[in-house]
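Participant: I would like the entire structure built from these sequences, with the hints used as guidance.
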Amino acid sequence: MANYGFNKDLNSFWKLKPKGTIEDTESARIHRFVRFMDEKRPFHNSQNYRRDNFPHFTSTVTAYTSPILITEAVIDTPDYVEIQNISPSPFIIPGWQLVLSNSQVNINLVNAITKPITPLLPGDLLYWSDNAPDPNYWGNNINWSAAGNGWIMIIDALGNVMDFVSWGWSESDIRGMSINVGAFVGITVPETQWSSDGIPTVSGNYGIKRVNSLDTNQKSDWDVSHSASESSVGVTNPELIIPFRNHTGI
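Counting from 1, one number per residue, gives the positions in the sequence shown under the working numbering.
If you're looking for bench data, these hints aren't it; they were derived computationally from the structure.
Bear in mind that the values here come from a model prediction, so they are computed numbers and not experimental data.
Glycine included, each C-beta is placed from N, C-alpha and C at the ideal position.
Treat each hint with caution, since some may be false.
Ranges between beta-carbon positions, derived for each pair [to be verified]:
(1) I113 / G148: 17 to 23 Å
(2) T77 / P190: 31 to 37 Å
(3) N136 / E239: 21 to 27 Å
Facilitator: Given below as structure tokens:
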């Protein structure tokens with residue numbers, strides 16, 4: 001096994017190199033990155049990082065599917081949000097949070113409450129509502145409304161966006177958003193986490209649910225339930241196959 005140096009400053013990750021060498025070309029850096037992922041196996045592991053996915057050592061690294069995904073939301077009274085471990089492995093990574101929008105007209109406003117994502121076994125779900133008697137009460141009003149815009153986001157312990165879904169907002173709105181969550185300032189949504197307009201809104205109360213077991217980070221992964229009674233909050237959406245096809249575990 002190659003003896004790789006490791007700089008604790010994550011911004012210097014690309015400067016990793018085998019000790020005793022002076023190689024620092026782009027292809028060499030990507031080669032070292034793939035070798036590092038093969039040999040060190042940190043928790044951000046995925047089939048997309050394996051060496052055989054980089055036959056020409058191109059500069060594009062495919063985003064992997066997060067083990068925890070947003071799977072459903074109900075825009076009604078009460079509002080609901082659901083997440084699920086869609087991987088074949090237990091999720092035990094500390095510091096991840098669920099974040100909700102707090103305005104139909106200002107994409108950058110964030111609900112004052114976020115929820116930590118606790119350990120989840122494969123296939124396990126968590127959901128919250130803004131119904132105070134519910135044991136899974138969010139803690140305040142989830143400020144969504146019928147035919148209004150909204151979004152949901154999962155961030156990791158470093159403030160990176162791990163999953164995102166939006167309804168009503170245009171793709172240009174989403175590209176321009178910049179939010180603050182606790183100590184994390186200026187969080188933006190990369191195209192690797194959302195690359196389309198938001199899910200179209202409909203009149204009246206409704207729900208949105210994930211129906212594609214291959215996460216493509218686009219509105220086509222989702223379907224609209226035209227009445228809240230069609231929602232499946234708290235159980236796996238019937239259209240989904242767990243674990244997802246593009247996830248090999250963490």
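Participant: All hints, please: hold or fail.
Facilitator: Structure-based check of each hint:
| no. | hint | verdict |
| --- | --- | --- |
| 1 | I113 / G148: 17 to 23 Å | 19 Å, holds |
| 2 | T77 / P190: 31 to 37 Å | 33 Å, holds |
| 3 | N136 / E239: 21 to 27 Å | 23 Å, holds |
Checked against the numbered hints above, the structure violates none of them.
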